[in-house]
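Novice: Residues per chain are reported as follows:
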Amino acid sequence: MSVPRSSDTEDVDDLTKEFLIESGEGLDCMERCLNDLQGGTDNGAWLAEIFRAVHTIKGTVGFLGFTRLERLAHAGEALLSLLRDGKCCVDAGMIDLLTQLMDRLRAVLELIETAGHEGKREVDDDQELIEALNGATRGRKVVASSRGTAPPERPGNAIETTVRVQVETLNRLMNLVGELVQTRNQFLQAEVCEESFARLGERLDKVTASLRESVMQARMQPVAQLFQRFPRLAREVATACGKSVRLEFSGGETGLDKSLLERLKDPLAHAVRNAIDHGIEPPQVRLQYGKPAEGKIQLRAFHEGGQIVLEVKDDGAGISVEKVVKRAVERGLISAESAPAIGNTNAMELLFEPGFSTSDEITMISGRGVGLDVVRENVERMGGTVELESAPGEGTTLRLRVPLTLAIVPALIAHCGGQSFAVPHSTLLEMVVLYKHEEAERIQRIGNAKMFLLRERLIPLLDLSEMLGIGSHQENGFYIAILEAKGRRFGLIVDDMDEPQEIVVKPLSSALSSLGVYTGATILGDGTIALVLDTTGLARSARLCETHDRTATVEVPRQHAASVSSHGIESRMIPLLLLVDHRGQRAVMPLACVERIERMEPGTVQTLAGEGVLQHRDELITLEDAGGLLQQAHSMRESDPVVVLICSRPAMSDVCLGLIVRDVLDVVEGDVLPPSTSREGRVARVESGLVAFYPGFEPQTQIEDSQGAVQAKQECERNDDVLKEAA
Amino acid sequence: MSYPDKLEDNSLLGLCRFRSGDDLFGIDAFAVLEVVDGCEVRKVPRAPKFVVGVLAYRGEVLLAVSLRVLLGLAPGVEASSAMVLRDTQTGELFALLVDQLLDVVTVADDVWEPNPATLDDRLGLLFSGVYRAPGSSLVRLDPQHLQPSWLMQHLDSGPRIGGPR
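Here the protein sequences come in this chain order: H and L. For the first sequence, the residue numbers in the numbering used here are 1 to 727. For the second sequence, the residue numbers in the numbering used here are 1 to 165.
Do not rely on the hints blindly, as some may be mistaken.
Listed below are the simulated SDA-like cross-link pairs for lysine to any residue, each with C-alpha atoms no more than 25 angstroms apart in a straight line [unchecked claim]:
(1) H:506 to L:41
(2) L:43 to H:265
(3) H:265 to H:70
(4) L:49 to H:507
A short, non-exhaustive set of chain L residues, derived as facing chain H with CB atoms under 8 angstroms [stated by the list, open to error]:
(5) 45
(6) 48
(7) 51
(8) 61
(9) 92
(10) 145
It should be emphasised that the hints constitute simulated quantities derived from the structure, not laboratory data. Glycine included, C-beta positions come from ideal geometry on N, C-alpha and C.
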C-alpha cells in the first residue's frame, strides 16, 4: 500500500517539532538519572537510561541536519558507552561533565525551537566541551566490569500521549453522554411496572453501545500513521550509508491503540535503521550477488495469535552465525570452547545482549549494539516479544509481537470446568465437535500423549481442564479447537463453545500476565469475566514448540496463506474449502475466507425486505442465495438444513456475508494455478483433480516483478495445456 | 505516589476498619480509593496463591488479593466486599477482599504499639503494629505490603504462604 505523504516542507516542521518534544523528554529523563547518579544508587541502570537518551538524539539529528547537536551527542555517547559497559567509573567530575553536556544540548534545542536553526554563536565552546568529553573517553580509568544490571521498574512511566480527535467525534461523544444522562433521569422517575420501562432499557442499550464505539474509534489509530514517518527516515539513513533502499508497506489499516502506537515508534525506527545500516548491502555488493542494486525493506502489520505483529523484513545479507559467535567470543559473552556448540537459535539470542554489534565499524547511525537490546526491552515493557529470523544471503526479518491491549478482536468464548475463556479468532483454524462415541476412534493415545486424527494427520491434543487444573463437564462430547501457534498446529479440548463475538481485551496485572497462560481478560455481556487464552504460551508450557516430532512439524499450511499467496507466486499451496455449489458442482474457496459454517433449518432463516439475513457477531449480514436454494427448500417444505458459509470475499475482507451452498465436503490443500489466459475463472489443483474457485472467491495475486510475470505467464500457458488435456 | 508515614507524627489517623477471621484490621483510609460491594470474583487457574481471582471494576480487570489467604485462613467465606487500592510500584489498581467491612475510625498515634515479638514471621511482614483498644485491638496493615508487586517479591517464592494447610 502506499502511504500518503505531505509536502516536504510541512514534513520538516512536523518532524522537527516532534524531535524537539522527544529530545526534551529524553533530557528530562537524563536529568533525573543524573540526580540519581549523584545520589549514588544503582548506577548501571541510570547510565543505560542516559545513554539511551543521548543515543536517540544522535540518531535523529543526523537526518534533520543539525550537525552541532550531532557532534555533541556523538562525543557524549562515546563516553557514555564506556560508562555503561563499566569500563570507566563514575565520579563527580564525570557527572559534572555529563551535566554540562545536558545543559548544552538543552540550550541548542531551545535555540532550534525559537530560531529554527542551531546557530553558530558558541562554536568554540562546543569544541571545548567535545574535547573534554573525548579526553575523558581516552583517559578512561579501567575498572572491573559490572554488566547485567536490569533497569528498575518505573512506575507510571507512561509517555505523555495526545490523541488527535476530530471535533465532530467529540461533539458526538458529548451528545451521547447528554442522552445517557437524560435516559438515566427518566429511569429514576419511571416506575418499574410502567410500559416505558422496557423502551428505556432499549434506549440505554443503544446509547451505551454507540458511546462505546465512539470512544474506541477515537483511541484506535491506523498503523499507517506510524509507517508514514519511515520513508523519510529510510531515505536519510540510506543516503548516509551510501545505500539505496525502497520501503514497502502492508497492513497499514490495522488498528492499534494510540498508546501502543506511540511506544512502538522507537523500536520500529531502530529496526529500520538497523536493517539499512547492517542488513542491506552496498549496491555494488548486491549486484555481485545478483540482487537488484536497490534494497527492499518490507514493513508489515497484521493480527496473529491474539497479538499484533509488526514485521521489518529486509532482503539484505542476513546475519552470519559465524560472525555473531566470533564477536560474542571477542566480547567475552561466551567462551571460545562453547562457541562451536552454539545452535543458530542461541546465536541469534546473543544479538540481544546489551552492547553487542556485528557491524565492523561504529557508524554515526547505529552500530554500538544499542539497537536490538533496546528494541527488545521496549517491546517487552509493553508485554510483547521480539523474534529475529535470518537466512544468510537472503535477508533478515525482525518481528515485533505486541499484545492487543484494548484492541477489539473477534474471539470464540469457550467453556471449561464452568469457567469461560476467550480464544482469539486469529489463532483458531477450525473447530471440531466430538461426540462421546467417536472419541475412541479419533483420539489416539501414544504413551501419555493424546493425538487427534484430523484428515489423515495426527495432531497433538492439549486438555484445557487438565492444564489449568480445573474440572470438566463433558457428558455427551466436547469441542476441539484446532489452533496454530508458532507454526505448530495443536488441538485444545474444551467443554463447550459459544457464538463468536467481538471482545475488548483488558490488560491483566503483571502478576498474572507473567504466567504465560493468559494475554488479558475481557468483560462479557453478562458482566462476568473471561480470561483470554495465550495460545502460544499454552503450546509452550506443553512443550509443543520444542518437540521435533514429525507430527508437530509437518508442513503446516500457513495461517495467512491467502495473504502469503498475494505476495508472490512461490507459495501457492493453501488450505481450501471444498464445497458443492448451488448448481451441484464442486468448487473451492480459500479456507482463510471462511469464518464459520452453519447448518440452518430453512424455517429459521429470517428475512428482511425479501432478503435472507442472519445475525452474526452483533451485526446483520445478508445471505446470498444464488441458486434460490432457500426458496426451493421453502417451497418443497423440506426440513433438511441448508448450509450457510459465513465468509468474506478476498477483495473485500471486511464485509461479511452468508453464502448458501448445497454442501460442504472437506478441507483440502490445493495448489492455486495462475490465472489462465484462455479461460475465465481460476482453478486449483487438489488431490482429486482440478476444481474451479467459487466465483468471487479467487485468491488475489499480484505479479510483482517482471521476472515473476514471465514465470507466471509460462506457467499459465502450461496450465492451459493441462486444462485442455483435462477437458 | 507514597503514603505519608503517620506513625511518626502525632496527628490522628483515619483507618478503614474491617474484619478478617477473628481479628480486626485497619488500613489507612486515604489509601482506599473505593469500597466495592457485591463484586463477583472470577477465579484464575494457575495464579499465584495470594491471588483469589480477578474482578471487574469500572471497565478494568483488577487482581483480587484475599486477606484471608494472606493470613493463612481457609478461603471462601469472604463477603463480596472489596477495597480498591493502588499498587504503588506498578501503578495498577488491585482489590483487597476482606470478610466484613466495618467503618472508618480515627485513631491516635499514642495508642500504637509495634508488632508483638512473638508474632509469626509471615504475619510480621504484613502487619505494621497494633492500636491498643479495650477488648479487641486493631491491627494496622500497611497498604504497600498488600500490593501484588510486593507480595510477588516477598511471598510468592516462599513455600509458607497461601491456602489452608
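Novice: Hint by hint, note whether the structure agrees.
Specialist: For each hint, the structure was consulted:
A C-alpha spacing of about 16 angstroms is found between residue 506 of chain H and residue 41 of chain L, which places the hinted pair at or below 25 angstroms, so the restraint holds. Taken as a hint, the residue 43 of chain L and residue 265 of chain H pair is broken in the structure, with Cα atoms around 36 angstroms apart against an allowance of 25 angstroms. With a C-alpha separation of about 21 angstroms, the suggested pair residue 265 of chain H and residue 70 of chain H falls inside the 25 angstroms cut-off, and the hint holds. Distance restraint check for residue 49 of chain L and residue 507 of chain H: the Cα-Cα separation of roughly 20 angstroms lies within the 25 angstroms cut-off, and the hinted pair is therefore satisfied.
Taking 8 angstroms as the C-beta contact cut-off toward chain H, the hint placing residue 45 of chain L at the interface holds, the least distance being around 4 angstroms. Because the beta carbon of residue 48 of chain L sits about 6 angstroms from the nearest beta carbon in chain H, less than 8 angstroms, this interface hint is met. Satisfaction of the interface hint for residue 51 of chain L is found here, the shortest Cβ-Cβ separation to chain H being roughly 6 angstroms, below the 8 angstroms cut-off. The interface hint given for residue 61 of chain L is met, as the beta carbon of that residue sits about 4 angstroms from the closest beta carbon of chain H, less than 8 angstroms.
With a least beta-carbon distance of about 5 angstroms to chain H, the hint placing residue 92 of chain L at the interface is held under the 8 angstroms criterion. With a cut of 8 angstroms, the hint placing residue 145 of chain L at the interface with chain H is violated, because the nearest CB-to-CB distance is about 15 angstroms.
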